[in-house]
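J.: Here is how the chains run, residue by residue.
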Amino acid sequence: MRTLRRYFGLLRVQVRSSVLLGLQYRADFLIDGAISLCWTGTALVPLFVVFHARPEIAGWNFAEALVVVGWFTLLEAILEGAINPSLTAVVEHIRQGTLDFVLLKPADAQFLVSTSRFEPWRSTNVFTAFAIWVFAFVRLGHGPSPLGTVFALVLLASATLLLYSLWILTVSAAFYVVKVDNLTNLFGSVFDAARWPVQIFRGVLRWVFTLVVPLALMTTYPAEALLGRLSPGALLGSVVGAGVFSFLSRRVWLDSLARYSSASS
Amino acid sequence: MSVASTARALPTLMRVGFAEAVAYRAEMLVWVLATTMPLIMLALWSAVAADGPVGRFDQRDFLAYFLATFIVRQLTGAWVAWQMSWEVRTGALSMRLLRPIHPMVSYAVENLAAVPLRLVVAVPVAVLALVLLGTKSLPHSLLLWAVWGLAVLGGWLITFLANVIIGCLALWTGSSVKVMDVWLVAFMVFSGYLVPVELFPGALRTLVAWLPFRYQIGFPVEVMTGAYALRAALWMLLRQWAFVLGLFLVATLVWRRGLRRFAAYGG
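If you read the sequences in order, they're chains A and B. Quick note, the first sequence lines up with residues 0 to 264 if you use numbering that gives the first Met the number 0. Quick note, the second sequence lines up with residues 0 to 266 if you use numbering that gives the first Met the number 0.
The hints are simulated quantities; they were obtained by calculation from the structure and are not laboratory data. Nothing here was measured: the structure is a model prediction, and the numbers come from that model. Hints are not guaranteed to be accurate.
Unchecked claim - Taking lysine to any residue and the SDA-like style, the derived pairs with C-alpha atoms no more than 25 Å apart in a straight line are:
#1 B:Lys177 x A:Glu118
#2 B:Lys177 x A:Pro84
#3 B:Lys177 x A:Arg205
#4 B:Lys177 x A:Glu55
#5 B:Lys177 x A:Arg201
#6 B:Lys177 x A:Thr148
#7 B:Lys177 x A:Ala88
#8 B:Lys135 x B:Ala231
#9 B:Lys177 x A:Ser16
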C-alpha cells in the first residue's frame with residue numbers, strides 16, 4: 000500500500016512537471032491540433048475510395064468502418080499524448096547513455112521512463128474521434144447500445160494497455176539496435192493497419208493482426224462492441240490477451256535492461 | 000569545390016556510404032519492414048476485388064501494382080530531412096560544411112549508396128512477381144523500360160529534393176520533423192502508395208496530377224505495370240522532370256538563404 004501511494008505521488012510530480020514544461024510551448028498546441036486534423040482528414044481518403052468502389056466489404060459498410068476509424072483516431076491520440084513522448088525520450092536516453100541517471104533513481108525504471116513526459120495538448124485527436132463517431136452513428140441511424148458502451152470502455156482500457164505494451168516491446172529493441180530513429184516509424188506504419196476492420200484481411204495476415212500484433216483487439220473489437228455485435232467470449236479474450244501482452248513486455252523490458260551497458264562506459 | 004574534385008571523390012563517398020549502410024543493416028531492416036504498407040494494401044484491395052474488378056483492376060492487377068509499388072519505394076528512398084534536422088540541431092552540420100565537397104552532393108551520395116542493399120530486398124520481390132504473374136503485365140518495349148529508368152530516377156530526385164527543402168526549414172525553426180510528418184501523410188495518400196491514382200474520383204485525380212507526390216511512386220509503378228503507351232509515358236515523364244527542375248530551384252534557394260542563419264551550436 001505504501002509503495003502504491005509513493006508511486007502515485009511520483010506520478011503526480013511527473014505530470015505536473017510535464018504540464019509546466021508544456022505551458023511554455025502554447026503555440027505548439029494550435030499547430031499540432033491543426034496538423035492532426037489535416038492528418039486525420041487526409042488519412043480518410045483511402046477509406047472513401049474503397050467504399051466508393053463497394054458498398055460493403057467483409058460485412059462492414061462505410062459507417063461501420065468509420066466507427067473503427069474513430070477508435071483508431073482515439074488510440075492515436077492516446078499514443079501521441081501519453082505514450083509516444085516518454086518513450087521517444089527513452090530511445091534518446093539509450094543512445095546518449097543518460098539512461099544511467101534514470102536507473103540510479105530509487106524507483107522502478109519502467110515506471111519512471113513511461114511517466115516522464117505527458118503532452119496532453121497533442122491529444123486534440125480525441126475530439127476528432129468523437130466527431131467521427133457522431134457522424135458514423137448518425138449515418139447508421141441508431142446510437143451505440145448501452146451494454147456495448149460498457150464493453151467498449153473495458154476494451155478501451157485493455158487497448159491502451161496493449162498499445163503501451165507494444166510500445167515497450169518496440170523500445171526494448173532500442174537496446175539491441177542503437178540507431179533507432181525509425182523504430183517509431185516502424186511502429187506507426189504497422190499500427191496504421193488498425194485503421195481497417197480486421198475481417199478485411201484474410202489468412203495469415205488476419206491471424207497476425209489478431210494474435211501476434213493484436214491490432215484487432217485495439218480497434219475492431221471495440222468498434223464491434225459499440226455496434227453491439229461483440230461476443231462476450233471475444234471481450235474476455237481481449238482482456239486476457241492484454242494481460243498476457245503486458246506481462247510479456249515487462250519480461251522483455253527487464254531482459255533488455257539487463258543487457259544495457261551504458262554508452263559511455 | 001570544383002566539379003572535377005567532386006567527381007574524383009564520388010567513388011570513395013559511395014564506398015563509405017555503402018559501408019555505413021552495411022554497418023547499420025539492422026536499421027535498414029527496420030526501414031524495410033516499415034515500408035511493407037503496400038503489401039497490407041494489397042491484402043485489402045484483393046479482398047475488395049474478390050467479387051469483380053475495381054475500375055480496370057482485378058486481383059492480378061492489384062498484385063502487380065502493389066508489388067511494383069514495394070520495389071519502387073525501395074529504390075526511391077531518401078531520409079535527408081531527418082538527417083538535416085538532426086545535424087542542424089546538434090551542430091553536426093558544421094562538420095559537413097568544412098568538407099571540400101558540396102553538402103548536397105554528400106547527402107545525395109549517402110542516400111544513393113543504400114540502394115544496393117535495398118536491392119537485396121527488392122530483387123526477391125521482383126522475382127516473386129515474375130513467377131506469380133509472368134511477363135504479361137510488364138511493358139514490352141525497350142524504350143518504355145528506358146522511360147521507367149528515368150521515371151525511377153526522377154522519383155528519387157523528387158523525394159530527395161523535397162527532403163532537402165524540408166530539412167532546410169530546420170535552419171529557421173530548429174526542427175522540421177513535424178513538417179516532414181505532414182509531407183509523409185500527403186505522400187502516402189496522394190502518391191498511389193495506398194490507392195492507385197486511377198481509382199480516385201474525378202476531381203481528386205485532377206488535384207493529384209498537379210501535386211508532386213504521384214511522380215514519386217505512382218508514375219514509375221504505372222509505367223512498370225504497363226499502364227501507358229509510349230507517347231503518354233513520355234508526356235508524363237516531361238511533367239515529372241518539370242517537378243524535378245522546380246524543386247531543384249527551390250531547394251537551391253532555400254539552402255542558400257537558410258545557411259546564412261546557421262550557427263553551429265556546441266559542435
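J.: Decide, hint by hint, whether the structure agrees.
T.: Checked hints:
no.: 1; hint: B:Lys177 x A:Glu118; result: 15 Å, holds
no.: 2; hint: B:Lys177 x A:Pro84; result: 14 Å, holds
no.: 3; hint: B:Lys177 x A:Arg205; result: 32 Å, violated
no.: 4; hint: B:Lys177 x A:Glu55; result: 36 Å, violated
no.: 5; hint: B:Lys177 x A:Arg201; result: 35 Å, violated
no.: 6; hint: B:Lys177 x A:Thr148; result: 35 Å, violated
no.: 7; hint: B:Lys177 x A:Ala88; result: 16 Å, holds
no.: 8; hint: B:Lys135 x B:Ala231; result: 20 Å, holds
no.: 9; hint: B:Lys177 x A:Ser16; result: 23 Å, holds
Hint compliance for this structure: hints 3, 4, 5, 6 are not met, and every other hint is.
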